[in-house]
Amino acid sequence: MIELKNIYKSFGDNHVLKGISAYFEKGKTNLIIGESGSGKTVLLKSIIGLHDIDQGEIFYGDQEFSKMPVKGKKEIRKELGMLFQGGALFDSSTVEENVRFPLDMFTNKSVEEKLDRVNFCLTKVKLENVNHLYPAEISGGMQKRVAIARAISLNPKYLFCDEPNSGLDPRTAIVIDQLIRELTLEFDMTTVINTHDMNSVIEIGDKILYIYKGEKWWEGNKDEILKTNNKELNDFVFASDLMRKFRN
Amino acid sequence: MKRVFSKPEKAGIFFRLFIREVDMLGVNSLGIVIIISVFMGAVITLQTAYNIESPLIPDYLIGLTARDSMILEFSSTIVGLILAGKVGSNVASEIGTMRISEQIDALEIMGVNSANYLILPKIAAAVFINPFLNIISIFVGLIGGYLAIRLSGAIAPEQFIYGLHYVFIPFYITYSLVKTVFFAFIITSVPAYHGYYASGGALEVGRSSTRAVVYSSILILLTNVIITQLMLA
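So the protein sequences, as listed, match chains S and H. Residue numbering for the first sequence follows the working numbering, starting at 1 and increasing by one per position. Residue numbering for the second sequence follows the working numbering, starting at 249 and increasing by one per position.
Isolated chain H, as found in the complex (with noise of 0.2 angstroms):
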């Protein structure tokens, strides 16, 4: 840990490295992160409209139960746990690579802190971006239940827009981007500690990127139980 967040031989490469991660680790996640994004609004706001179908709730809480379900939950967690599988197997399996084909040791020999050198810029530019894709997803989600509105005819895409902005706290977008602030840490972070300390051959490796996904997920569920503790108790 101490050696991954030294300071960094050279700004200029750091940053260098930094940037490749934010297309690698972010952009490139962009895509799943918008379609995931669109059908879990659509079937929230789906699962919503068919769920209270009582004349005592106002039609408008629809739209605000999905925006809600979207900020706090979904599009933090949900999202975290999917990048968790896609980018923490990504993480492993390149670190992993470099511990077995000696490109470790290289960098070592060089003199060169391979820990601060390859994780660094990963958590750097996760912890960066994520909370970009989360308001993305966020944005993209609540597209996604008015066109399942518009197209189930479930309520009046109106009555929808409407509950979207009704009673909106501001706070919960704070939650929600502090808890993609440290599942990103965690999205790469453990994937990195799994592909750095691999051995053996390619079996090893494709373990290694295994064993990251699913400990970055249960570290996700169980830090979700406690920010939530801390923050909306």
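Here chain S stands alone, though its shape is the one from the complex (with noise of 0.2 angstroms):
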């Protein structure tokens, strides 16, 4: 699990996050929602530690991580797998190589158990025979699957997505979200997405934070989320006629 204690975050004077507390559940994913600019990857930045909070505290396990020295931090991050919005592959590299990267740095396997790590990975992603394909020479879905499976690599304990969906069309950003939770669930991961896709929230959100203007503004599930009468959050879930025509 992962836990979050008042955490502040300014830019200069622009303050991003004012007092945010939350408490992400291990086995679920757990959705950050919000409007653009709310505050929500500075907030998902700021629990891997991308950006330094200003005050608070971030517990990962009984771990207190904000604080922790580099060597500390290090040992923390090779526990997370992170799917960056963009799918942040690397661009010169194979996807073999992409979803190897982590095992050739920091794990002592001989290179058939890496290879066999790998092919095991990206067949949890549903690819097969890509292995030697450049990530300029695949699809966007494929490249966020080969993310996931990047991400996976290590068997991590937490793991990380950021706008999983952008990009993709419906079916294929169903196909992302279905996979990120099975993938929770098997590995018994604590899963934080980052997410202004109310197809996500209906689809997968176990446990929803929403933000607003960086405040934490309402906490609830999928289920709580379509009756809650809360106006800021009404007003961003049911922005869109289907939404509202899904309520009615």
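Hints are computed from structural coordinates only; laboratory data are not their basis. The beta carbon of each residue, even a glycine, is placed where N, CA and C say it ideally should be. Worth double-checking, as some hints may not be accurate.
Stated by the list, open to error - DSS-like, lysine-lysine: derived pairs with alpha carbons at most 30 angstroms apart:
(1) 78/S - 250/H
(2) 334/H - 78/S
(3) 45/S - 258/H
(4) 213/S - 18/S
(5) 71/S - 258/H
(6) 157/S - 334/H
(7) 73/S - 109/S
(8) 26/S - 157/S
(9) 222/S - 157/S
(10) 255/H - 71/S
(11) 227/S - 245/S
(12) 73/S - 334/H
(13) 73/S - 255/H
(14) 71/S - 250/H
(15) 45/S - 5/S
(16) 250/H - 45/S
(17) 258/H - 78/S
(18) 250/H - 67/S
Unchecked claim - Here chain S is said to cover these stretches of chain H; the calculated rule only asks that three of the stretch's residues, wherever they fall, bring their Cβ under 8 angstroms from a Cβ of chain S:
(19) 252-264
(20) 352-358
Once you've looked at the hints, go ahead and assemble the two chains, each given alone in its own frame, into the complex.
Right, dumping it as structure tokens:
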């Protein structure tokens, strides 16, 4: 599990996060939702340590992450998997090399063992016969799946996804969502997803945190979000005509 | 800086990256170094020949002048400036693109020291391979000078060859190699810095690449003056 206690983060005079506390559970898909500019990406990057927070505490299990020395953070990071919005695959490496990268860096497995693990991860994300292709030679959805395979290659305890569905068609987006959920359950990971895609919310929102203007505005699950009376959240959730019809 | 020069995560991976960078930054620059050096050598020789047409000055001094010009300045500084453009823009745009496409963030999240992983092999490779490029440049430049003499008939080729051997000072080679090592460090480290701290989009990567080339060129010229003063004065 991951616990956030009273997180504050500013960039100059711009106060982006204002005292956010939350608890992300193990074996569940925890969603951070909010409008563009609400601070959800800053929150995610703060949780994984890409931004130093101004105030507050971040716990991975019982370990306080935010005040750890670099060496300690490095050890925690080996237990993290991250799916970036654009995939962030290494352009000059093949699919196989991308997925093998964490294994090369942090394990002493033999070449065969690494290849077995790479193929296992690629099979988990339902990709086959793409080992020797470069990221530019595969579709956006496949790139996301390769990025997931790379993220799970070291068997992480924590999986973070930043806008996993951005740029994908609705059907592929659902495939990615379901894949993340299956992997979360299978590997019993604490998964935190940053999204503003309402399909994802309805599909896999075990726990949902709504961020509004840098503050935690609402917390609940996919059933509760459809029945809430929170005005700002309703404006966000039912912004589209489709969602309004769905509610009615 | 401290992060760049820390101990690599795995020696095997560092060595693999080092070899790749030797190929990318060094071997791939061989063509342009040879072309530039041949023409530089030819032009220096012809200009010297046409400017010192005096019966009081022996012809072999043209060979000596071409040799010393190539060793002391052209093969180190001019080739350094050319490589600052070619290699510098390549390094800055490669690392800058990795920054804006979140590949560097991905490395950090995995617990990899991204500065060390991306930058150190480039610096090490350039510092290793550029002295070889310098020696090749000197050699090829003098061949260019010889060809110019043969084709133009400005002086007897034997006189040119004699001049190349006349009063050779080995320390000039040391001086040239020392300069090349410093320039190699500048050519890779300055663009790597600009690429690493690029932000925004493709336009910003282009800007950081341009900045990298401009700053490295100025630093090369400044370093040239300082090393010359320290080693030759």
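Decide if the proposed pair is consistent with the structure: residue 71/S and residue 250/H, CA atoms, cutoff 30 angstroms inclusive.
-> The hint holds at about 15 angstroms.
Restraint status (C-alpha distance of residue 73/S to residue 334/H at most 30 angstroms)
Violated, at roughly 37 angstroms.
Open item on the list: For a C-alpha distance cap of 30 angstroms, please report whether residue 26/S and residue 157/S respect it.
Closed with: Distance of about 9 angstroms is within 30 angstroms: holds.
(Q) Would the hint linking residue 45/S and residue 5/S be met if the CA-CA limit is 30 angstroms? (A) holds (15 angstroms)
query = Taken at face value, is the distance from the CA of residue 157/S to the CA of residue 222/S at most 30 angstroms?
reply = holds (23 angstroms)
Query raised in the report: Is the hinted pair residue 213/S and residue 18/S satisfied, with a Cα-Cα distance of at most 30 angstroms?
Result: Answer holds: residue 213/S to residue 18/S is near 8 angstroms, not above 30 angstroms.
Margin query: So if I understand the rule, the pair passes when the alpha-carbon distance is 30 angstroms or less; does residue 250/H with residue 45/S pass?
Written below: The hint holds at about 24 angstroms.
(Q) Given the hinted pair residue 258/H and residue 78/S, is their Cα-Cα distance within 30 angstroms? (A) holds (15 angstroms)
* Residues of the stretch 352-358 of chain H with Cβ under 8 angstroms from chain S, three needed, outcome -> holds (count 5)
Given pair status - residue 258/H, residue 45/S, alpha carbons within 30 angstroms
With a Cα-Cα distance of about 27 angstroms, the restraint between residue 45/S and residue 258/H holds, given a limit of 30 angstroms.
Is the hinted pair residue 255/H and residue 71/S satisfied, with a Cα-Cα distance of at most 30 angstroms? The hint holds at about 13 angstroms.
Exercise for the section: Sort out whether residue 245/S lies within 30 angstroms of residue 227/S, counting only the CA atoms. Expected result: holds (14 angstroms)
In this structure, the hints that do not hold are numbers 2, 6 and 12, in rising order.
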